[in-house]
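There are 2 protein chains.
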Amino acid sequence: MLVCMLQQLHPGGPGSRSLDSLFAPRSVAIVGASRDPGKWGGLLARGALKGRHRRAVGLVNRNGGEILGSPSYRSLGELPDAPELVVACVPATFLEQTVDDALAAGARAIVGISAGLGEAEERALGEGVREAGAVLLGPNCLGVFDRDEELDLAPWVDFPPGEIGLIAQSGNLSLELALLAERQGLGFSRFASLGNQADLEAAELIESFARHDATRLIALYVEDFRDGRAFARAAAAAGKPVVLLSGGGSEAGMRAARSHTRALVTDLTVVDAVCRAAGIVRVLTPRELIDAAKALLHGRPPRGRRLVVLGDGGGHGVVAADVATRHGLKLPLLTPRLVAELAAVLPETATTQNPVDFAGGAEQDIRTFERVVRLLLDSGEVDALLVTGYFGGYGTAAEREVAIALASAAERSGVPLVVHSLHPESEAARALISSGALVYLEIEPAVRALAALAERAEREPRGIPAAMTGDALSQAEEGYFASRRLVSEAGVPMVDAQAVATAEEAHAAADELGYPVALKALASEHKSDAGGVVLGIVDAAGLDAAYRGVPAGACSVERMAPLGEGIELIVGVRRDPRFGPMLLVGLGGVYAEVFRDVAVALAPVEAAEAEQLVRSLRCAPLLEGARGKPVLDIAAAARAASALSHLAVRAPWLAELEVNPLLVTADGALGLDARLVLGTREERP
Amino acid sequence: MLVCMLQQLHPGGPGSRSLDSLFAPRSVAIVGASRDPGKWGGLLARGALKGRHRRAVGLVNRNGGEILGSPSYRSLGELPDAPELVVACVPATFLEQTVDDALAAGARAIVGISAGLGEAEERALGEGVREAGAVLLGPNCLGVFDRDEELDLAPWVDFPPGEIGLIAQSGNLSLELALLAERQGLGFSRFASLGNQADLEAAELIESFARHDATRLIALYVEDFRDGRAFARAAAAAGKPVVLLSGGGSEAGMRAARSHTRALVTDLTVVDAVCRAAGIVRVLTPRELIDAAKALLHGRPPRGRRLVVLGDGGGHGVVAADVATRHGLKLPLLTPRLVAELAAVLPETATTQNPVDFAGGAEQDIRTFERVVRLLLDSGEVDALLVTGYFGGYGTAAEREVAIALASAAERSGVPLVVHSLHPESEAARALISSGALVYLEIEPAVRALAALAERAEREPRGIPAAMTGDALSQAEEGYFASRRLVSEAGVPMVDAQAVATAEEAHAAADELGYPVALKALASEHKSDAGGVVLGIVDAAGLDAAYRGVPAGACSVERMAPLGEGIELIVGVRRDPRFGPMLLVGLGGVYAEVFRDVAVALAPVEAAEAEQLVRSLRCAPLLEGARGKPVLDIAAAARAASALSHLAVRAPWLAELEVNPLLVTADGALGLDARLVLGTREERP
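So the protein lines, in turn, are chains A and B. Under my numbering, the residue at position 161 of the first sequence is numbered 161, and the numbers go up by one with no gaps. Under my numbering, the residue at position 516 of the second sequence is numbered 516, and the numbers go up by one with no gaps.
Bound conformation, chain A alone (with noise of 0.2 Å):
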């Protein structure tokens, strides 16, 4: 019983259960089935009855009567099959009920679209269905698609068939997406709606359609995230391209999404964070999930981000180049020897550096596109190539033979091709799409399919730590000593620090400290804002005044550290209601708020990991030793952030620890100031 709870808990673990009656039924109800086409219940029917030649349809109406030729059941239990799966279409009031009937009369599998229960009832509903051993979609959703199955249990998307599989939190952003894969010539293999996600998470879904063999990439909208951890281990396990819509990115875009779906929005940083760990490639909007699935599903992925541009034609190498200059392609310089091979084969006035422009080369020849690509794919300086321009409207049969011929060279030696074209209904176009080349009209798709391609490459998925490891640590108290003191035994070298009460003890500690000394406040919480700092105190009579100055109350009297010499970082672990404990560096002092220079991970982050967090900053160089300045000690940084990391998910009643600053200079790292924040209340996970 105690491993069925566990499973349940935690739907990414190795027991985590079959979506079989959800996704593939042999019987299904719709209860609420209604004769109105123009309503949803009607519409249900429809979509149900499309696959009755695959399984028994049992149509349930209060008032009984035929709905679409087939005859209807005034109650589940009058149906002459039990139903695998019942999709209750009702008022919320009767939801319950229709559960209740539903688990009595067999369902394995509950499919609740009706919305509008509260969120106490919601959870209770998914505790019965889940203690029933069956499974709860919903409520609040819009329903389930199985493209093999011929389930269709969502009709009011027209999801054209394809590999997609989607999971998806808003039906018109479900809408939209199956029309714009349709016009990109992508379909679906299966959808299913997360709604208010009383039972079934995201994490279990990803898990199924992982398995689902006609599922070759998994696409995302998701605004509330549950059990983050669950989710993050199932994308990363899934062992096929995740593409992940995540809203929220600027205020108002949280603010949206946590009144539609009462969901606790994730921090975008924090999400970024989990898609990195987990493998899973983030987007915006659904055209660029559409542009990320079909690249991923038809592209190859690149060894690295070295992209060579060509073309016919110059201003169009000018604009890929600024456009995958943004998307965080890199377009290296070429070396002089194969410079010297290209301007072998291309006129006298073209130009051989990259972005390559053949500067009517192909007009004289249209071989000089072969000649040229060869060249770059055996030169090995080159991990993907974009052609730009002109390409596909020469319109010759030796331009289709070209494409084939650009096409296979590509292929064989592993290096992505996408060629953006003015005539991508050319044949030359054709003959690149069918043998394995990515086309687009529009240099923006191109290059964005490049990016997700490079992102997914780079991404191997690494295994997500879990939330909570080792024994808990009892918990610490609040305020500045105990904060202090936490963080020095996880292992953070805290500056020489004593609390004194009055005048005199000040006096005392910093003749023991020596001088020159610093004056904390302890009263208020951002001791600095309040005035409630004094550094650089050298003399006993700069403390009184110090002392006179500051708020009344507790003090600490601390050893001046050598400001000058190091650049503040800014280390801390939080506690995301979502996905667990997650490291923070960062740049600190002042320049922190405005530039907001951050890298954030997944708690707990070994040394190497946390070394590489800070190389990411864009103060990285500063520590690295640009011009002119020391290299400081960048691992003890590291150290820092890995310690504080691993005490995070040992002490779940921490929500926030912070060190800030945190002084980086050659010969160390050293905490300077500490913060502690308790969980208020029991927090998930």
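Any given hint could be a false lead.
Same chains, same label: a pair holds when it works inside one copy or across any pair of copies.
Cut-off 16 Å, straight-line C-alpha distance, at most; resulting in silico cross-link-like pairs (EDC-like, lysine to aspartate or glutamate) [said to hold, decoys possible]:
#1 Lys629 x Glu593
#2 Lys330 x Glu251
#3 Lys50 x Glu163
#4 Lys629 x Glu565
#5 Lys240 x Glu370
#6 Lys39 x Asp365
#7 Lys50 x Asp158
#8 Lys50 x Asp511
#9 Lys50 x Glu504
#10 Lys50 x Asp20
#11 Lys50 x Glu149
#12 Lys50 x Glu119
#13 Lys39 x Asp667
#14 Lys39 x Glu477
#15 Lys629 x Glu78
#16 Lys39 x Glu363
#17 Lys629 x Glu182
These are computed hints drawn from the structure, not numbers from a lab. Being a predicted model, the structure only gives us computed values, none of them experimental.
Got chain A; can you put chain B on it based on the hints?
The following block gives chain B in isolation, referenced to the frame of chain A:
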């Protein structure tokens, strides 16, 4: 004669030339006309003949004979009608002769298609044509097109008719723009291919397009801005929207543009500053250009950036809010009063904040859209409206009526209405469009439309100052103390300093200035990188130690500035070879290079505008007294920046002048270092 020459040098002047002979010639001749329809000379002949009911068309071919049913002539001299416009489509070696022949035959305008002439020869060609009182477009250009004149001398591009005037320096990009415009229902009134600008530059073409009534919007792709001030002046004075597709934002893009047309590509931050000053909307890709053109031709300018997003579905609101925020639009919180009014017309489950989510409200009653939009428009809290998601999909007659009501209400309020609809071909969407709303299938172009409208509305073109004003200053010398003197005399206070050559002089200087002092070795250019600067020397012993440590040679002893009490900015002027003197302000000190927090403007800049520049920096909150810090003297920093900018326009010999750092404290701004670089050759302008 002098006036005439000045007009030629400054095409922005009142006497600029008429280009009627280029765009509306009474007769045209094609030199190099060909029978071969695959050759350029064949295409051109066909293009020219399309207009033969409007003007005499003379075809010139060395071998004579009939071309497309018209006689051809062996030379321009043999033509029966004197050609007002001559198109030269001949090998480069024959171009000079052809131009001479054209002028001799009385041509008032020449289009040079031919490529491959040297830079000096091209310049001479341009001068010759100008002196003869004619105009030359190109060479290395792709011709001209004028819709109303039925002049098609760029027949390789199939320009759909419309209201965009296009001036472009890339043939393939022009092709792409024509294609994308047609897909958006847009077209072209005029086209001029810039080529190598031996005579006609973009500025003069802009002036001509500005006077051309059939052109309602001027679109530009320019790599080489030539006389950039004239360009800016022409754009600012155009009196119609100007959209610039400008490449070279990335290192690779600059590389490409430079090689493409031998263009001296200008740093994109400079181009951005020019666009702000001249009221130009800048875009990165052909698609962005067409989207901006559609918005500017068919949309209304908003009064500000306050956007309200509304729709019947929450997910779309989340995505729209994120994309809008990314494009610099603001989604304000609505006032409690407006929220209450919205609540009165929406279901209980709706979101009455921005983004407004009807939560099915419109499904119950489509008039919900009308009620909500009216409330928003009446509130005065909205500068622009974005309807997102399902509108257009209800498919009822009432929906069409509501569409018309929405568009009319928006028009009456002068508020732009943009609709993102999954059904842009629906009756309702068509009604919206014909009533003045902008409708898009995808959210990205919908938001880009609003952003372009907002950008255009904000950028009231200011007068573009001349690159040279007042009496020229006599040339200063390079070197630290000469630079300091120049800066001081311009009105920027500099920290007290004394030049010293020996340790004794250094001690004397320090005694006079008073400790603490700083010591700078003047040998190396980047003083602080080479260990050539010692700060905070508190006594004579420290000075001795410092003096022994710095590189030998001349030094400066300076009063130590209160670094801890202020923020270090960098303020400088730079003479851009195209756009002339530019003012730059930015964050200085060690963070300058990692965060590149800079703002740029065309010099000269008055103090008020300089203050806006400083306040536009990301680090501005640190100057404005964020988090309990003192409010610093931004006005003093702005005065210093303005002073440098005025110096620059009187010092044509100046390449760069930089005060770095400029220490801004609560009491003023103080230059701590200065560096002057003289121009190495006569720059233009």
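Verification of the supplied hints:
When the C-alpha separation of Lys629 and Glu593 is checked against a cutoff of 16 Å, the pair qualifies only between copies, where the shortest distance is 13 Å, while the shortest distance within a copy is 24 Å. Within a single copy, Lys330 and Glu251 get their C-alpha atoms only as close as 32 Å, which misses the 16 Å cut-off; across copies the closest is 10 Å, which meets it. Taking the shortest alpha-carbon separations for Lys50 and Glu163, neither the intra-copy value of 21 Å nor the inter-copy value of 51 Å comes in at or below 16 Å. For the identical chains of this complex, Lys629 and Glu565 are intra-copy neighbours only, at 10 Å inside a copy versus 23 Å across copies, given an alpha-carbon limit of 16 Å.
Taking the closest pair of Cα atoms, Lys240 and Glu370 never come within 16 Å of each other, the shortest separation being 33 Å inside a single copy and 45 Å across copies. Taking the shortest alpha-carbon separations for Lys39 and Asp365, only the inter-copy value of 14 Å comes in at or below 16 Å, while the best intra-copy value is 62 Å. With identical chains, the CA atoms of Lys50 and Asp158 are at most 16 Å apart within one copy only, with a shortest distance of 13 Å there and 48 Å across copies. Proximity of Lys50 and Asp511 under a CA criterion of 16 Å is satisfied in neither setting, with 87 Å inside one chain copy and 97 Å between copies.
In this assembly of identical chains, the alpha carbons of Lys50 and Glu504 never lie at most 16 Å apart, being 87 Å within a copy and 100 Å across copies at closest. In this assembly of identical chains, the alpha carbons of Lys50 and Asp20 never lie at most 16 Å apart, being 19 Å within a copy and 68 Å across copies at closest. Proximity of Lys50 to Glu149 under the C-alpha cut-off of 16 Å is restricted to the intra-copy arrangement: shortest distance 11 Å within a copy versus 60 Å between copies. With identical chains, the CA atoms of Lys50 and Glu119 are never at most 16 Å apart, being 34 Å at best within one copy and 72 Å at best between copies.
In this assembly of identical chains, Lys39 and Asp667 lie within 16 Å of each other by CA distance neither inside one copy nor across copies; the values are 72 Å within and 72 Å between. For a Cα distance limit of 16 Å, the shortest separation of Lys39 from Glu477 qualifies neither inside one copy, at 58 Å, nor across copies, at 84 Å. In this assembly of identical chains, the alpha carbons of Lys629 and Glu78 never lie at most 16 Å apart, being 82 Å within a copy and 75 Å across copies at closest. Taking identical chains as interchangeable, the C-alpha atoms of Lys39 and Glu363 lie at most 16 Å apart only when they sit on different chains, with a minimum of 11 Å there against 59 Å within one chain.
Taking CA atoms no more than 16 Å apart as the test, Lys629 paired with Glu182 passes in neither setting, with 56 Å inside one copy and 56 Å between copies.
Checked against the numbered hints given earlier, this structure breaks hints 3, 5, 8, 9, 10, 12, 13, 14, 15 and 17; the rest are met.
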